[in-house]
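Listed here are the chains, written in short residue letters.
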Amino acid sequence: MDIQLQNLRKTYGSAVAVADMSAKIPQGRMLALLGPSGCGKTTTLRMVAGFIAPTSGSIRVGATDITTLPAHKRDTGLVFQSYALFPHLSAAENIAFGLRRRGVARAEREQRVTAMLDKLKLSGLADRLPRQLSGGQQQRVAVARALVINPSILLLDEPFSNLDAKLRESTGLEMSRLQREFGLTSIFVTHDQTEAMSIADTIAVMKDGELQQIGSASEIYERPANRFVADFIGRANFLAGRILRREGQDAVAELAAGLEMRLLDPGAAALPGAQGEALLRPEAIALADHASPGSFKATVEQISYQGAIANLHARLADGSAIVASVPPEDARGLAPGKLVGLAPKPAALIWFAKS
Amino acid sequence: MGTSSFDRRQLLAALAASTTLPFASGLARAQSFTGRKLVSSGFGGSTMDIIQSAVFTPFDKATGAASTQVPMQSAAALARMKAEAGNPQIDLFQFSGGQEAFAKSEGLSQPLSGVSRLGQIPAGLKDPDGHWVTWAVIAEGIIYRKDKIPTPPTSYKDFLKPEYKGHIAFPAITNGYGIDFLVMLAKAFGGSEDNIEPGFEAMKQIKGETIFKAASDLPTLFGQGDIWIMPYDTGNTFKLQQAGLPVAFATPKEGSPAVFITACVAKGAKNADIANAAIDAMLKPEAQVEIARTMRWTASNPETKLPADLTGEVPSVDKLAQLDRDKINAKRASWIERWNREIAR
Amino acid sequence: MTKPETKGGGARWALFAPALLFAPCAFVYAVFFIWPQASLLAISATDAAGLTLAHYQRFAGDSYYWEILGRTLGLGAAVTAITLVLGVPTAYLLARVQSRWAGFLLLLTTFPLLVSAVVRSFGWMVLFFRDGLLSHGLMALGFADKPVQTMYTMAGVIIALAQVLLPLMILTLHGVFKSIDRDLEYAAMSLGARPIVALGLVTLRLASGGIVAGSLLVFSLAISAFATPSLVGGARANVMATAIYEQAIELLDWPFAAALATILLVTVLALSLAYGALLEGRGEREAAR
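Residue numbers (this note's numbering), protein chains in the order written: chain X, 1 to 355; chain V, 1 to 345; chain P, 1 to 289.
Warning: the hint list may mix true and false statements.
Beyond 12 Å from chain P on every Cβ pair, some chain V residues (computed) [what the hints assert, rightly or not]: (1) 60; (2) 106; (3) 125; (4) 172; (5) 200; (6) 205; (7) 213; (8) 225; (9) 244; (10) 254; (11) 318.
Pairs of lysine-lysine residues, derived as DSBU-like cross-links and limited to a Cα-Cα distance of at most 30 Å, are as follows [as the list claims (entries may be wrong)]: (12) V:157 with V:204; (13) V:148 with P:178; (14) V:204 with P:178; (15) P:146 with V:207; (16) V:104 with V:204; (17) V:239 with V:207; (18) X:119 with X:166; (19) P:146 with V:161; (20) V:104 with V:82; (21) X:73 with P:178; (22) X:166 with X:207; (23) V:146 with P:146; (24) V:165 with P:178; (25) V:157 with P:146; (26) V:146 with V:161; (27) X:297 with X:354; (28) P:178 with V:213.
It should be emphasised that the hints constitute simulated quantities derived from the structure, not laboratory data. The C-beta atom is built at its ideal place from N, Cα and C for all residues, glycine as well.
Construct all of the structure, not just a fragment, from the sequences and the given hints.
Take a look at the structure:
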C-alpha cells in the first residue's frame, strides 16, 4: 500500500519539530528521510508509527486515514535504532511477540518464527537472550520481529547506525532486498547520505523540520535545490562569485576572484551584478596545466590517496580552499606547493544566489 | 585510675564545706570550676530552657563552669545511665518519674556530698542515704476546659460522669501521670497502692476514651482533639494557658499527687564536684522562686518565700498528697503489662 | 561468561583488588551491624542462670505479642500496598514526562523526607483529631455523619507512614523506569500490544526487580518505624518497635526487648527472602519458557 503524508506538522509550544511535510511513497518503494540530527526526520517517522500525534496534517496508508489511529492498530513493522529487543525474552520469543498479540495459533506461530529465523540466518540462536547476541545478530532479530507480522508498511529508524562500517553496507543491501521481496512500502530514517542513496528509491532531505528537497538520489545529487542540500549530500566546493552578464538562458559569472565561467541555466534571478556561490563537485574537476584557459589556478597543499581516486586539496588565488577528486595516476608527480590548473567539467557549475 | 584523684577532690570539697559552713553563701562564690564542663540530663523543650536560665546560667556565672543539658525523657535517661554504668558521660541526672530510686538500687548513683542546703529539705523529699534530692515538686490534678465545664471538677470520680463521655483523655501508664491517675482512681474507689483493682475497674469504664503518651500532645488534644478534661499538672496547665487555651486546674479532693523533680549524681561521674555544687544551686530559694514563677512548680525548699502573686497559683509543698513510690515502682512493670492488655488493647 | 584467569601476579591482584575494595564496607558492617545484632541475640538468649529460651517462650505463649507482631506485619503490608499503588504511576509518569519540570516535580515528592518524623507527626495531629481537618472534610463530603478520630489509630499510622515512605518508593521506581528504554514500549505497541499490555508485559515486567527492591525497602522501614507509630498511633497502636521501646526503656527488660528485636529481624529477613524469591522466580520461569 502506498503512504501519503499531507502537510504533516508537529510543534511543541513555539518550537517547530516538523513543518508541513508532504510526501508520497508508492507501493513497494522506500523513502529515506535524510538530514542532520534535530531535523525532524525521527519525529516524522514516529508520527507515522503512531507514537506522536501530529499537530496538523494527515497520514494515509492506501485509502485509509490513520492520522488518529493508535499505534497498536497500525499495521507497521518498526526497526529501532537501539533495536529495542525485549531483554527478558529470547530471540524466538522476541520474534513471536507480535504474532502472540495477533492471536496467531501456536503451530502457525512456531512455523512462521522458524521460517523467519532461517531467512535471517538466525537458526541456532533462537533461545539466546538479546544480551547474548552480537550487534549484527540483534539487528537481524529486530528486522525479523518487524517482518514476521507481515506489516503493510515498514519503518526503519537508523537501523544500521550501531553496526560497524563493513557490516553496515551488506546489511543495508540485505534490508533493501528483503523490502523488495516482501513488497513493503518503507520509510527509512538516516543521517548517512551514502546509506540513503544506496538503498532508498526516493530521498527526502530535511533541515530544521522543513523538507528541503525530495527526489531520486541522482536528482538530489546532481540538481540540489539549495545550498544546504548541495552541501549535505556528497562533497562540495563552493566558489563565491558575481553574475557578469546573461547570455540567453545561460549566464557568465566571475568566480573566485578572477575567473569567468559559464553557468548553464542559473535561473531567472541570476541577473548581472547578483552575488552568489557556485557549487563545484570535487569529482567534476579535471587536472589541467596551470596556464590553460578556463581553469582555476591553484596551489597544491595536500594529496590524499583513497585507492580508486586521489583527493587533491588546493588553494585558489583568492585564498579559498578547493578539493578535486582525480584519478590517482593524474595526481602522480604532484607535490605540495606545485601550481596546477583545475578545470570544471562541462555543465558542472550550479549557481546558488545569495539569500 | 581516676579514683584516687576523685577521692581527694571529694575530701577537699567536704573539708571546705565543714570549715566554712557558717558562711555558706560565701563558699558558693569561692568555688571555681572555670574551664570545666558539667553535663546534665534535661527534660527537653521549654522546660529545659527555663531550668537552664533559672538554675544553670546563674550557676555558671558564679562558678565559671559550662553546664549543658542533654534532652531526654526520664525513662530514656535512666536507660542511658544504665548503659553507661561505670563510665558515665552524663554527670548529673534529673528525673521526673521516680527513676532516682531505681538508679540508687541499681548502684548507678552516688551519695550527694557538699550540698549545703540538703539539710533544709524535708525528709520525705530526699533519699535517707543522700543519693538524691527533690529540688522541685509538680502538683497533679485535673485540667479542664472552662468553657465546656462551667463547674470545676472536684474528684477523680468525675472522670466517669456521662456528660464528659467522648471528651476525656488520659495518659498511658508508661507516662508518670498515667500511673498516678491509675493509683488515684484506685484510691477514689476504695483501693490503694496495694489494691489497684478498683483503679483498673474504673479505668476500664473509660478505656474507649482518648489515650495519649506524651505531654507534647496536650495542646492539640485541647485544640483539635475536642478534649474537655484530663488528669495532668499545674505546670502544663500554665503552659496551655500561656498558649491561649481556656483551661483551668482543679485540685481533686482525693489530693494532688506530687511529681518529684529530683537530681542525683552518676556513680563515677568525672565532674561529681560540679554536679553537687549545681544541685546545691537548684535548692537555692532564688532559683526555686524563679521556677515557681516561670513554670508553676512547687518549691521543695521550705525556706523559699514566694511573692504574694504566686502563692495562690502554686500549691505549697506541705499541701500535697504523697503516693508510695516504692510500692508503685515495684509493681509498675506488672501494671503496665496488665494495662496493655486490659485498657489499651 | 567469567573464565578463571590464567595464573600470574597480575591476575592474582585482579582477584584480590575487589576484596580489598570491599573491606572497609565489610568492616563497618561488622562493627556497627553484625556485632550489635549478635550481642542482641546473646542478650535475648541468656539470663542469670545462663542460656535460656525463656524470653522466646514468653513471646510464643502470649497471644498479646502475637497480636503485636501480626499488627506490625499488617502495617508493613498496608503501607507497602499503598505506596505501590500511588508510587508506580507517579514514578512512571515522572520518568517518562518530557518536561523541564520533571526534575523539579521529583524533588517536590521528596520534600516529606526533609521534615523530621516528630514535626510531621504534629502536622498529622492537626489533621487527624476529632475536631481536625480530616474529620471535618469527611463530614462535609458526606462520608461520615459524626466526627471521626484518626489520631491514635492504626489507620492514622498507616496513612502517616505511607506518606513519608512514598518518596522512597517513587525515587526507587523512578530510577528503575528511567533505565527502561521507552522504545521497548513503542516496540511492543508497534507489534500490536495495547498501551496497557505493553506496560505490563514489558515495562512492569522489566521493573519487577526494582519493584521488589522498593517494596522491601518500604516494608522494612514501615515495620521498624518507631516515631510515627509512637506519636500518631499513641497507646493503642502498639507495634513491635514501640513494644521493644517499652520493654527496653520503660520496663528495663532488656532480654525480652532483645528477643522481640530478634523475632522482628528474623521475620523481616524471612519475608524478604520469600518475597524476593517469589518475584524473581516468576521472572526466571518466564525467560526459560
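Violated hints, by number in ascending order, as checked against the structure: As far as the earlier hints go, 2, 4, 7, 8, 13, 14, 16, 24, 28 are violated by this structure, in ascending order.
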